[in-house]
Structures are given as structure tokens and as C-alpha cells.
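Fit chain B to the supplied structure of chain A, relying on the hints for placement.
The residues making up each chain are set out below.
2 protein chains.
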Amino acid sequence: MILRIPAGSVLCLAALSASAFCAMVGRSSSAQNSPAPLPIMPLPASVTPADGEFLIDGNFNVAFEGFTEARLERARLRFLGKLSKETGIPFSVEVPAGKALLQIQTAGPSAAIQQLGEDESYRLQIAPGGVTLSAANPLGVMHGLQTFLQLVRITPRGFTVPTLTIEDKPRFPWRGLMIDVSRHFIPLPAIERNLDAMEAVKLNVFHWHLSDNQGFRVESKVFPLLQQRGSDGLYYTQDQVRHVIEYARDRGIRVIPEFDMPAHTTAWFVGYPQIASGKGPYEIERHWGIFDPAMDPTRESTYQFLNLLIGEMTALFPDLYFHIGGDECNGKEWDGNPRIQEFMRAHQIKDNAALQALFTGRVQKLVAARHKVMEGWDEVLQPDTPKDVVIQSWRGRESLLDAAKRGYRGLLSTGYYIDLNYSAEQHYLVDPLEGIADKLTPEQTASILGGEATMWSEFVTGETVDTRIWPRTAAIAERLWSPQQVRDVNSMYARMTIVEDRLRDFGIENKATREQMLERMSGDVNPEALRVLASVVEPPKEYERGQLRDYTSQTPLNRLVDAVSPESETAREFREISKRIVAGSATPEDWQQAHDWLVLWRDNDRRLQPTLAKSELTAELAPVSKSLQQVAEIGLQALDSLKQGKTISADAQKQNLAVLTAAEKPQAVLLLMVAPPVEMLVKSIQVR
Amino acid sequence: MILRIPAGSVLCLAALSASAFCAMVGRSSSAQNSPAPLPIMPLPASVTPADGEFLIDGNFNVAFEGFTEARLERARLRFLGKLSKETGIPFSVEVPAGKALLQIQTAGPSAAIQQLGEDESYRLQIAPGGVTLSAANPLGVMHGLQTFLQLVRITPRGFTVPTLTIEDKPRFPWRGLMIDVSRHFIPLPAIERNLDAMEAVKLNVFHWHLSDNQGFRVESKVFPLLQQRGSDGLYYTQDQVRHVIEYARDRGIRVIPEFDMPAHTTAWFVGYPQIASGKGPYEIERHWGIFDPAMDPTRESTYQFLNLLIGEMTALFPDLYFHIGGDECNGKEWDGNPRIQEFMRAHQIKDNAALQALFTGRVQKLVAARHKVMEGWDEVLQPDTPKDVVIQSWRGRESLLDAAKRGYRGLLSTGYYIDLNYSAEQHYLVDPLEGIADKLTPEQTASILGGEATMWSEFVTGETVDTRIWPRTAAIAERLWSPQQVRDVNSMYARMTIVEDRLRDFGIENKATREQMLERMSGDVNPEALRVLASVVEPPKEYERGQLRDYTSQTPLNRLVDAVSPESETAREFREISKRIVAGSATPEDWQQAHDWLVLWRDNDRRLQPTLAKSELTAELAPVSKSLQQVAEIGLQALDSLKQGKTISADAQKQNLAVLTAAEKPQAVLLLMVAPPVEMLVKSIQVR
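Sequence order for the protein chains is A and B.
All the letters of the first sequence, read from the start, carry residue numbers 2 to 689 under the working numbering.
All the letters of the second sequence, read from the start, carry residue numbers 2 to 689 under the working numbering.
Derived by calculation from the structure, the hints in this document are not laboratory data.
This structure is a prediction, so every number in the text was calculated from the model and none was measured.
The reader is advised that the hints may include incorrect statements.
In this list, chains with the same sequence are indistinguishable; a pair is considered to hold if it fits within one copy or across any two.
Claimed, not checked - Below 30 Å or equal to it, Euclidean Cα-Cα: the simulated DSS-like pairs (lysine-lysine) are:
| # | residue 1 | residue 2 |
| --- | --- | --- |
| 1 | LYS388 | LYS366 |
| 2 | LYS512 | LYS83 |
| 3 | LYS366 | LYS351 |
| 4 | LYS351 | LYS280 |
| 5 | LYS615 | LYS83 |
| 6 | LYS406 | LYS170 |
| 7 | LYS666 | LYS512 |
| 8 | LYS615 | LYS86 |
| 9 | LYS615 | LYS512 |
| 10 | LYS86 | LYS542 |
| 11 | LYS512 | LYS86 |
Here chain A stands alone, though its shape is the one from the complex:
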């Protein structure tokens, strides 16, 4: 079962028993006997199924009743375009004279500037004869259209959607994706693609991390040296920013800019060293890590500069919220500046945290003077921080709990750091309210606004960023939209695979990107054997990659670690099978699949090894390929022993485990993800 909800409940969610839906998630090889949920993400708050289906053919059309606006008409055209992409059917874009097959009823407008907490609900009623989508405002309409697009499937009758009624609304009002465009610049088309994908999974906040030590990425007309000297020429013009904001608004997405300060600001100081605390001169930072440069919080001229810049940027970005970062100021430039030390003594500022609090307080007033609400990372929360400030937590739920108790609104990013290459499951099971809801009043609970996935960009470029954001961010989107009890991991994986395929219609070309990178690495060698290796490795987790090699912003990200998925689907399935084998619950198909894979992996090195040295980019993979062969050989022996009930000598087991332990260490900045399941198999053999 996907959801543990009383049978017959209106909140039936995914408990559709029609066998058609089972087929829809049938791509996953893991056995599922329960009725499958609708193959959509995020799952709606309520689904009431009915018998039958609605057929989509060349006559399909869409029209509006009630409130209309240009944005809705654009949404209609975009919807028809996506539906054409999904089906290959050309639809007329003309609005039908009478009732449309998809009739949209919009009660009224949404706010001119999208607000936190606006009504995003919608009702989608699909009958064999026609479809009705109704919503309070265009935000709900756009969400409902995305749900419809995900429901479309090919059947023996053609493309159809199932008849049902969906009543849907989000659990949290703030569902975001942060993209760091400073450490690596992310070109405009990639931003657009990701906004499209965000719309598809009903995320509603694009948090644009625009400045950091490695680049200031937005045009300032007031202080043009910010981008002229701080970006290597890679920045967004103000026209492009306005375009992105419009593009996002068209998709029900708010855009919140972040100008991280007082630290993370090296790139600012290349053009404007006078606002820094150190002597300078400064250069754009090319390395990754935490760096010393920080603004000088003791000079009035710093605030005069920030006042003008905040004035310019709050005018450019219409959202009510304005993110000033505030994280990871190590204070070393302050320690090393006698004038700043003198200022602290004179004003009885006891430490650097207090000095930063003073800075943050001043900046908050500058932001408030522009009629905006400040947002910042945990560090901005200080004893006298105004109560409207929003805290984004990278430190964890405890920090969020603390903020809520003190009356602040907050959102969670801990656990949603998608740059760290965790599994979708790990992100999916992080709930903003888990373990803290019972410690808060209902008002305090409501002050937990939601969360944001964060894509820090040390190890992504415009080429690879999509493959790291998606599809895992769809799991986070479901966590933030769907009811709390929606948390069946198998269901999530089955649906995420389908949603990933659908995201391709939005330009998120993960498979094609990976294939192209493998072919680039292989040159004129057929990449078939490399694909096999690629399917079972993952990038290192957390911050280990940067510890294994010396990377700078100029290091090409064109090796296998950049081409592979953060989460190997094959390795995950092999792990699940291995668990069932060890638990004694494996099916004959499980045994066969494990055997087939292990044979494939064992024999792959023979095909791959001779080709690796032909390319500088693959030469380093020789030991990884060899490890896969050794692991697979041990795995095959283990499988045989387990099947036959054989025992193993203590020595042999020790030797095998030593090989596996070595294979589990990163090689060529890659983790061989099938080694731990094989270790699990080996350890379950009886030692004689």
C-alpha cells in the first residue's frame, strides 16, 4: 500500500485500484502487488477515482470562464504546446466557440505581485465527456494544468486521462529551489528550463543566489564594477532579470534574489575594495571553501553603498522578500583590521557575532526602508532581529524550532542540499515539522513556511545542473506539497522515474546530457561498456569530492563523476534485491536479475579496459572498472553460496571483505555503489 489511510476515505489519494494505473508505474522492476498510485508528483491532497477515461485526440481544446488575463492565455498556449509534445498530436490553438473539452473556471485574479500564502488550490474533474478545472485564481489553474499533463498516458484507445476528481492544495506555502549562479554561472536557458520543471512539480519560489566570492552575477547600473570586474563577463543584464521574473510569474513562481553579505563577497571587492575589511587588492575567488573577505561593518560608507545597491535591487526584484545571506562569516578580516578592532572596543562589541548582528541590523533597516522583508540564513537571527524577518535554516530543524519559538517564520533547507549527492529517499523523508511540531503552538507551527532545495554550484555547470537538480527535487517538491502522511518510498521512486521522463518535455534532458558526456569522454570508442560502469557508480557524498582533488572554478567538469547520476537507479535496485535475498524474501526473478547483473559487471572490464587509455578523460577509470569486476566475481560466488546453502571459510570471507572494503573507497572520484550490497550478501553467508 502506498498510503496508510482508512479505506473509503475521501482523502483516498493514491489508492486507485484500477489496474490501468498499475501499468503506469510498471517500469520499475521492483515487484509491487498493491494498487499503484497515480504516476504523478506531487501527489494531490485528495483523489476520488471513477470508472472510465477521457480521450485526447485532435479535437481537444481549452477555454476559460470567469476571470481571464493575458497570463492565463499564455498558460493555455503553453499547456497545449506541452500536450502536443507529450502526444505528438497537433492541437488547434483557437478558442472554441461553445463549451471546451477542457473548461477552466477562474474565480478571480491573483495578486499583481505573487504573495506568500496566496490560495493555490484547484479542483480537477475529469469525466469521459469533458474536463473541468476550477480554481480561485490563476495560480491554482496553473497547478491543475500541470496535474492534467502528468495524467496523460497512451492506451490501446489512444492518449487518455483517467476519470477522477482531484481536490488539491499545498501543505506548505513556501516551496523553493535555490540555484547558486555564482560559483559557476548558469546561463539563462538553463534557468528557464528549471523554472519550467519547477512549475511541473508545483514549486513556487525560485531563490536566486546571485552573488558570492566567485562571482557577482547581476548587472548593477549604480555600481557597474560589480559585474564588470566581478563576473568574468558572465552575468545577467537587468533586462534578462526582468525576463526571468516575468517568466517565473507566468508559472506561478516567485523570484527571491540573494545578495550574500557581509562575507561571501570577494567578487564585490574586485571592483569596490573600499567596502571590504581587508587591504586588498581583491581578485575573483577561483577556489571553493570559506574565505576571509567580509564587508567593513564599521564604516558609514559601507551602508551608503548598500543603501544604494539595495535600492536598485529591490526595485528590480518585485517580490516582498529580499535575501541578504549572512552565512559563514569567519571574521578573520575583522580580526586583522586594527581600525575595526578599535571600533569594537569603543562600542563595546564583545565578539564578531555581535559585530555581524550590528551589521545585519543596519542592513535590515535598509531593506525595510524599501518596504521589503529581509530573509537570511540562520546567522541573521539575533536577539533584537525584527519579528518579520524570515530565517532560512541550513543548520537544521533545531535552529528552525528555536526561531519558531521566538516568533520568527522560517523555512528548512537542511536535508534538502541536493548538491551533496544524497539519495532521493534521504531528501524525501526529511519533513520540516518532524520532531518539532509537538513542541510548538499551532501559530508557531504555521510559522514554519516550508523549505527549499539548494543547488550550490561548486560542481555543476550550465551543462550538468539539470542532471543534479532533477529528478530528486521532485521528491522534495512532493514533501512540501503533499499531505504529511504521503511518504511511501517505493511509490515515490516508481513515480519519480516517470516524472523524470516527463520532465524531458520541459527541456530537462538528463539522459541525453549524460549520453553526450559519455560519448565525449569516449571519443570514437563506442561508449557501451562505459555506460555499464556509469550505471553503478555515484559521485562522492557531502563534501568529500573537494577533499579528494584540488578543484577550482576553472577545472573542466567533464569526467565520469560529472556524467553519472547522483543516485544510481541500478545500484538502488540491486541493493533492494540483495536485501530481499538476505531476508529470504527474494523471488526467482530477483535471483535471476542479481545473477544477470553480476555477470554483466564481471565481464564488462574485459570490454572496457582496453579502451580506457585512449582518452585522457577515461584513463583514470581503469582501477574502477577492475574493482567492478572483482566485486562482481565475489558477488557471484556469494549468490551461489547462498542459493546452494554453502558455507565459506573464515579466511576466504576475510579476503573477500578486504577486497570489498577497498572497492568501497572512492576511486577516480567515484563510489562503486554495488560494493556495499555485495558486502551484505557476503556477510550473510554462513562461515564454517
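Just chain B now, with coordinates in the frame of chain A:
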């Protein structure tokens, strides 16, 4: 050997013996013992190889000497962007202070409006220490940069280009691609992608077939009902047209608009029936074929209309040449209009051809009055046609020969109709001068300007058009650029495969598009077995598809016939192997490959058949899949007989041939391309 040119000749072309180059075309499975050519298309006029290579790393940079302009700077940035895509290496876009690693010397400007016959030559000298590209003007520079991009390859040392000197220039000055955007509208991004790909293979004329019975696709401000009533809302604004012209100019490509008249004009008449010869009212044509509607050549008001429209469009399109179509006027509306008949009698116009000649003569004067040169299909050539008119031949080389003898300039499109799904080989071997050069004086020969590939769009959409144009058009581009004696088909195929991969960097995503279509058709069924079937079928040739089913412009093009390549690479290789088996020259690898394929095909039906009925789009493939199984079974028997030297009974052979003959007939609008080679094998078995 690729080229049969005396060894040691400066015009050594592809005769590089360095073994590195052999590896570069190593993806083809066909055995090649001779030195392979550079893996580029079109092959340059002259290549002088040297020992060594030039390494491309993060320090690579580009700078100009001599003439510069904004277009060259844009070409530089575009070049660096493509090189980054090829290598995954981020390059600095800053111009180096001193000598660059790629130093470009441009002698002077090219014409403000690109002219027919401008100097397009370049010299590319690659040494281990640096690269020099020199050209008379920016056109040559752009060609040289594309050659460089194609030379890049991954090696154990990293990305390199071989040291060599290329002296290159085109054989023909007019090397075009026509895209019909009327029968199916082709959206702007697809036009841009194809201009990028044209630049990559040095085509220099984009012939834009803008109007036809099924749509008038460009905004007219003078006669707005043309697009308002004649395009279903699918047309290019004048701003978009200007953008395309600028985009093309940036890539060394001229843009020639075609407004086909007096027939092929139904879409015009929806808004302006007064210029038609029939009674009307008219509707946009939804079917394919030749239709009756034609302009009324007997009224002055028709020419007044055309004068204004030609005035508007010649101002919009800066190229000196203006294409007025002129093909396939069946004259039926003229026959049926008493007033026109009366006019013909009164003016002693003996037939419809003469009436069209009168029309064409009037239109030519309107075009000439705007200081433009008229171009048209064969039909526009009449006894008193002015000598500067350019004839585009769809009727064949005889027609071209005739025109040249009479002093007209012409270009060939017969043989380059890429919509007819011929093989690349068939197009490649069509030479504009073959069989006619010896019948002409040198001046007359020079009047054969080149040729154009024509992509008529009955059966393509914006989604699929790239997959039909490329890579075969690269073979035509080579025919029109490279020396006449470059015509080794094996070399062409080996290089075309590589060039197709490279075109992906220009957005021509053939593999990804096909895969996406297969997945769409399959729904949630893994398309693996469908891929096997897809790899051995082709669309029907010539105009057979339209005879097999009733298609309109609203028929979805989302079936297997739309997803497969016009030319199956697998079938071609299997055919080549079969030829060698029959000829007794097959290698053991050939026998093994044929056997492996036949086993794969025989066993595929068992996997594919149960899934086909699940989707309306695949249900029709059941008999095709079954045929493949039967053909493969017969093929395996034949292989065995040939290997063992067994004989076959006359009856058995007859039965087998009957099955094969049936399998060679179109099924589900598809040709099973491995049936003929199996027939070849069967026929070579000795009958007892």
C-alpha cells in the same frame, strides 16, 4: 583507399596515414584497412599532413589580426562556446594581449549583403605550438573555424587537433538547403538549429519556402489577411524574419525567400480571393498534392497586388535573389474561368504554358523593378525570359543543361529531395555536372551554380524535421563543396556518422528525438524491443507514403515511421555484410555479426509482440515485428546453408522467397530493410 589521387600530390586530401586518424572513424563496424580520411565533412580541397598535434586545454584562446568587425567577434564567442561543448573545458572569452594560440588573419570585409560567388576560401595551419587561420574575408574565417571544430578529438593526452595545413575553397558558389515551412510550420528555434548545422557543413544558402497551398508563413503589413487568414496563426513576424536573416548572415548564409506563384497559392486566397482565378471562397488546404487554385494572370489588379507585396518582401529580404516558385500550375482554374479563356483568345495566347509565361514575365519585371534578380523552378524558363534569371531544377540535369546552353544560370535540386527518404549514398553520388559538363563550354559550365537540398514538409514537423534533414544533407554539402573526385561512399558514411554526433553540439538532437518518440509510443513499456525493430525499418521512398494512407496536415506524425531514420544504419551494414558473404569475401567477424543480428531479430518478436497492443500507436506494428522474425529465421537458415555449403530444395527456396517478397511490401507504412539482403543470401544458396 578513400581517394584515388596520385600519392604525394599536394591535393592529398584525406590520405593521412597517421594511425590516429584510423581510430577516428573506427566506430563503423565495416573493416577498413586503408588509411582513413580526416573525420570531417565536407572534405577540404587540400590537406597537407604533418607529424604531431596541437593540444587544447584551458589556456586555449583566439584573437584577430587585420580586418575585424562585430560579426567576427560574435563568431569567436560562438566558436569558443561550441569548443566548450565539445570538450567540457571552460575557456576564457577574453582576448589575449599577445599572440593567441589560434590567431586569425582576415584580409578585409565581405560584402555588406552577402553575394553569390564571394571568396569563401581559407587557409588553416595547425602546428604543435599554435594555429593560424587566414582568409580573404569573414566568410572564409567562419568556414575555417568550423573545420577546426570538426578536427578536435580526445586522445590520451587530452583534446587535440592534428598538425596539418588545409587550403580550402568551395567547388560551387551556391550550396543550399530549402525548408518548406508551409505544409507544416517549422518554428523559429528549429530554423535556427538548422542554420547552425548548415554553417557546420559550409552550406551558404537558406532557401525559405514561405508560402504554399497549406500556409502563408510570413507577416505582411501591406496585406495582413495573408497571414491572418492563411496561416492558422503560425507565421513569422517581420522582426523574426529580420532576426533569421541576421542569424544566417552571422553564419555566412544567404537567405532567399520563395513566394510560390501563380499556383501553390490557396492560402493567399483565403484572405484575398480577388487575386484568384476561381470563384472561391477558399480555405487553407489541409491535404497534400497538386491543387487547382492559381492567381488570375489576366487582371491588372493581380499585378498591382503583387507589386506591393513584392515591394514589401524585397525590402524585408536583402538578398539579391528573389524566388517566385512557378512550379506545378495545372491550369484548371484558368480552364474553368470564361473571362480568362476570353482573354487568352483575345490576346492569342495559345495555351496555359503561354499564359503562365505571360504571368512570369510580368512578375519578373516587378522583381527587377526592385533591383532584384528573379529565381524560379524550371517552369519559369520561357523563350523570352531575361538572361539573369536563375533556374532551380526539380526536373533534372537535362533541364539544367538546356538552361545552361541557352545562357541561363541554374542550380540542381533533382536528386537532392531529402524528403523522399533516399539513402545518403544516392544523394551523394548525384553530381550537378555529371554527364553534362562535356556538352558545355567553360562559361556555360560555370553557369551551373551548385545545388540545393529540398526539405518538403508534408511529413515533418518542428519535432522531426532535423532528423530528416541531417545527417544526409551533410553528404550533399560535401558534394557541393569538395572536389568532384571526392566520392568514396564508404568514407562518406564513416565520416557522416561522426559528423552526425558533432551536429548534436549544434542542437540537432536526432538520437534523443527518436528515443523520445519511441518512449512516447511505448508509454510505460520499456522501449528496448521497439528500438530493435526501429533499427531495421525505414519510411517508404518517394511519394509512396501518401499513397498508403490518407494524410492531412492535421494527422499526428507520432508513429514509428516518423521516429525512424530515413536510412537504417544497421540495415545498410547488414546489406554490406550480406554482399560480402555472397561474394565470398566475408570475414569471420562478418559471419558472426550477421548471425548475432539475425538471432536478435528472430528473438525480438517474442519480447515485443505482447507489448504492442498496449498502445494505439504501436498496435499496428504487430505484423511488422512478426515479419522481422520470419525474415530472420530464413536468414539464419540461409547463413547456415552458405556456411556449410548445403543446398536447398526448389520448393523450400520458393517458399522462403514468397515470405521475403511479402515482407518487402510496406506494412504499417514501413519498409523492412533487412528483407532484401536476406533475399540476396537465399538466392545465393545452391538449389538442388
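Tested hints:
In the homo-oligomer, the alpha carbons of LYS388 and LYS366 lie at most 30 Å apart inside one protomer (13 Å), although the nearest pairing across protomers, at 78 Å, exceeds that limit. Within a single copy, LYS512 and LYS83 get their C-alpha atoms as close as 19 Å, and across copies as close as 20 Å, so both meet the 30 Å cut-off. In this assembly of identical chains, the alpha carbons of LYS366 and LYS351 lie at most 30 Å apart only when taken from the same copy (22 Å versus 90 Å across copies). For the homomeric pair LYS351 and LYS280, the shortest alpha-carbon distance inside one copy (23 Å) is at most 30 Å, but the shortest distance between copies (93 Å) is not.
In this assembly of identical chains, LYS615 and LYS83 lie within 30 Å of each other by CA distance solely across copies; the values are 23 Å between and 42 Å within a copy. Within a single copy, LYS406 and LYS170 get their C-alpha atoms as close as 27 Å, which meets the 30 Å cut-off; across copies the closest is 76 Å, which misses it. Proximity of LYS666 to LYS512 under the C-alpha cut-off of 30 Å is restricted to the intra-copy arrangement: shortest distance 27 Å within a copy versus 35 Å between copies. For the homomeric pair LYS615 and LYS86, the shortest alpha-carbon distance between copies (20 Å) is at most 30 Å, but the shortest distance inside one copy (39 Å) is not.
In this assembly of identical chains, the alpha carbons of LYS615 and LYS512 lie at most 30 Å apart whether taken from the same copy (24 Å) or from different copies (25 Å). In this assembly of identical chains, LYS86 and LYS542 lie within 30 Å of each other by CA distance solely across copies; the values are 27 Å between and 36 Å within a copy. For the homomeric pair LYS512 and LYS86, the shortest alpha-carbon distances inside one copy (17 Å) and between copies (16 Å) are both at most 30 Å.
No hint from the list above goes unmet by this structure.
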